[in-house]
Amino acid sequence: MAAVSVTAGRLLRLRAAGAEGYWRRLRGTGLARSFLQPASAGEDAAQTRQVAHFTFQPDPETREYGQTQKMNLFQSITSALDNSLAKDPTAVIFGEDVAFGGVFRCTVGLRDKYGKDRVFNTPLCEQGIVGFGIGIAVTGATAIAEIQFADYIFPAFDQIVNEAAKYRYRSGDLFNCGSLTIRSPWGCVGHGALYHSQSPEAFFAHCPGIKVVIPRSPFQAKGLLLSCIEDKNPCIFFEPKILYRAAGLNIMSSPCSVLNDKKKKMEQVPVEPYNIPLSQAEVIQEGSDVTLVAWGTQVHVIREVAAMAQEKLGVSCEIIDLRTIIPWDVDTVCKSVIKTGRLLISHEAPLTGGFASEISSTVQEECFLNLEAPISRVCGYDTPFPHIFEPFYIPDKWKCYDALRKMINY
Amino acid sequence: MRKMLAAVSRVLSGAAQKPASRVLVASRNFANDATFEIKKCDLHRLEEGPPVTTVLTREDGLKYYRMMQTVRRMELKADQLYKQKIIRGFCHLCDGQSFPPLTQEACCVGLEAGINPTDHLITAYRAHGFTFTRGLSVREILAELTGRRGGCAKGKGGSMHMYAKNFYGGNGIVGAQVPLGAGIALACKYNGKDEVCLTLYGDGAANQGQIFEAYNMAALWKLPCIFICENNRYGMGTSVERAAASTDYYKRGDFIPGLRVDGMDILCVREATRFAAAYCRSGKGPILMELQTYRYHGHSMSDPGVSYRTREEIQEVRSKSDPIMLLKDRMVNSNLASVEELKEIDVEVRKEIEDAAQFATADPEPPLEELGHHIYSSNPPFEVRGANQWIKFKSVS
Chain S
-18 MAAVSVTAGR LLRLRAAGAE GYWRRLRGTG LARSFLQPAS AGEDAAQTRQ
32 VAHFTFQPDP ETREYGQTQK MNLFQSITSA LDNSLAKDPT AVIFGEDVAF
82 GGVFRCTVGL RDKYGKDRVF NTPLCEQGIV GFGIGIAVTG ATAIAEIQFA
132 DYIFPAFDQI VNEAAKYRYR SGDLFNCGSL TIRSPWGCVG HGALYHSQSP
182 EAFFAHCPGI KVVIPRSPFQ AKGLLLSCIE DKNPCIFFEP KILYRAAGLN
232 IMSSPCSVLN DKKKKMEQVP VEPYNIPLSQ AEVIQEGSDV TLVAWGTQVH
282 VIREVAAMAQ EKLGVSCEII DLRTIIPWDV DTVCKSVIKT GRLLISHEAP
332 LTGGFASEIS STVQEECFLN LEAPISRVCG YDTPFPHIFE PFYIPDKWKC
382 YDALRKMINY
Chain R
32 MRKMLAAVSR VLSGAAQKPA SRVLVASRNF ANDATFEIKK CDLHRLEEGP
82 PVTTVLTRED GLKYYRMMQT VRRMELKADQ LYKQKIIRGF CHLCDGQSFP
132 PLTQEACCVG LEAGINPTDH LITAYRAHGF TFTRGLSVRE ILAELTGRRG
182 GCAKGKGGSM HMYAKNFYGG NGIVGAQVPL GAGIALACKY NGKDEVCLTL
232 YGDGAANQGQ IFEAYNMAAL WKLPCIFICE NNRYGMGTSV ERAAASTDYY
282 KRGDFIPGLR VDGMDILCVR EATRFAAAYC RSGKGPILME LQTYRYHGHS
332 MSDPGVSYRT REEIQEVRSK SDPIMLLKDR MVNSNLASVE ELKEIDVEVR
382 KEIEDAAQFA TADPEPPLEE LGHHIYSSNP PFEVRGANQW IKFKSVS
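Here the protein sequences line up with chains S and R, keeping their order.
Under the numbering used here, the first residue of the first sequence carries the number -18, and numbering increases by one thereafter.
Under the numbering used here, the first residue of the second sequence carries the number 32, and numbering increases by one thereafter.
In isolation and in its complexed conformation, chain S is listed as follows (with noise of 0.2 Å):
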């Protein structure tokens, strides 16, 4: 019960106080460190660290795909699941603690419907999994495994890299492990601290031979996510965690806080199975001015760093989302940067060796003539993902308002 009425108060202030409220004073002024002083006293404290960093923006309904229906990230995961089940009768999932639905209910219900020769636990062993993937894989059959944290993903790095990555190639194409596809929650979510909040497709998109792709929201991840099984290379695919419903303590608590917040990140999803291309970045909003380009939960945190822009410098973005990290969509990025002439790249990983270097690299090479100031990229620091630093780890909007702000004045 407590916890119904401290999450209620808590939506309650979110609400009343704005994502703005404890930034204020940082608007349009440079973020020297000295503006970044943790409000340790009173209250405040309790309340900035309950205020997430963004703001979910669903896409409009589109039609195309026949009926829709109302879900929230985990549910459109569930429906590409169940489809791709149903379509293939060769599909398996397995993975931890995914024949009670999952800790993040992505495979609730499939255990019942398709049986546990289909959907089935597997013990406490990430570099198991992803070679016991590899070898169902091998032989045709499709392969959906799930790593329960994208931190715990390191012990299956060797069998990733080394046995997924290359079966074709050194195997002169006799042999491929195409079928197999790896999900697992990704990113920051407010209070992970190190081992819950990481963000590793930079390790991976080293890798020639594997698919890395990050979905931005429940319409895009279920298109995708059918993309990747059917895409006949092994895929990863990352899942931000911090947009499947609330985060945190509200994942199993009263339903009454969990419907609030997911009413918060719902979109109309196709409920027949369809496919979102992948390699192919979307122009989400189109500008003249500046180009941003950002994965996953960060590309609503860019939205609202256009909205500022357009409201306070009268300067037109325009938005990218990457969606396939590699191979990644370098036409797409070229053709906006010639456009706008400047490029700001954002993402939650720490800054050095993140993607955005290998975007800025490129982008430089393609496109240096066309280039009006420095790429620039907010990112996450080089340190390890902080627990109680998190807030200003993060590349809020804040940050990256700042960096377009030196970029436009260059």
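Derived from the structure by calculation, the hints contain no laboratory data.
Check each hint, because a few of them may be wrong.
Claimed, not checked - No more than 30 Å apart at the CA atoms, straight line, and that leaves these computed lysine-lysine pairs for DSSO-like:
(1) S/LYS387 <-> S/LYS293
(2) S/LYS293 <-> R/LYS423
(3) R/LYS116 <-> R/LYS382
(4) R/LYS70 <-> R/LYS94
(5) R/LYS282 <-> S/LYS97
(6) R/LYS185 <-> R/LYS116
(7) S/LYS387 <-> R/LYS425
(8) S/LYS51 <-> S/LYS147
(9) R/LYS282 <-> R/LYS220
(10) R/LYS71 <-> R/LYS253
(11) S/LYS387 <-> R/LYS423
(12) S/LYS320 <-> S/LYS387
What the hints assert, rightly or not - To give an idea of the chain S side of the interface with chain R (calculated C-beta under 7 Å), a few residues:
(13) ASN102
(14) HIS172
(15) ALA174
(16) ASP363
(17) THR364
(18) PHE370
(19) PRO372
Quick reminder that beta carbons are idealized off the backbone N, C-alpha and C, glycines included.
Here the structure of chain S is known, so what remains is to put chain R in place on it, guided by the hints.
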């Protein structure tokens, strides 16, 4: 009843002669020690196991009771603070696994009772109880949970990353701490100071490949490592029958001798630990212990704990095998302590926890400058790049 007790204790504490009169009362009414029978341990590759009877002195009994009660209260307090959103993060309590270690107190206190403070211990994320038994105060633990600078890791680690002298944490990736434990045992052997290393992991992690790698190395080089599997029958949401081909975790070391211990009985745990430590110290190599325990709550604060097991099962264990209740009954029935005395300890413990919670809530958070600290060992301090090229932090170690 409680008010009366409080009044009585107030009156007693007012009198200056209280200690003297207390001692008189003690020697008059209570036994000094008592012998108890404990469950025999299942053995693997061992001819004899720990003794089946043990002597518990009054002093030890009170000490264990106080420690167990402190750990339980601390975890319940942490639970409360988490629900109030003062503690954030993924909270794994000791009471029955996850956040509070309800029922796992016997493990922490029992293990500590069987070893010396100079021995080493490493575990996975259910670390709060061990942090306390290894010597840190409740204040430091709760402050770490709330992320304040008074915390043992200066607020940077949170629930899963607690460290103390000879206690190596506090590790988030399960299974990864076991090769570390084997390494610490190697260091113990090198240093020649007769120390052992207790390496704990859960029934879920017992299926990780790196644990078997650690078994092999420890047995090959005869390292003084006690591998301890805390089996609470569920790995997150998967019961042991559905995760492990062999649920006899004490036999999984194969060539490493093992014993299965009733983890809900603190005396059983203590005797088994003493036996295991003596085995290792004599240079015979590693040994494996399986502590059979249970968890009341879910895996962590986000898990209600009832979607994969029945409430009746939880209730049954709670009423029959609660370790604190077991110890209390034993002590009272053999005249080692009185019910009032134990209740007084409860009251004191409660107050101590309240104070600690106050401290943990009021202590300031670490300053923002510390965000970049302690990444590398660096002399002179270097600069850490921030979210964009204009933000830089100094990294000092």
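List of violated hint numbers, smallest to largest: The structure breaks hints 8, 19; every other hint is satisfied.
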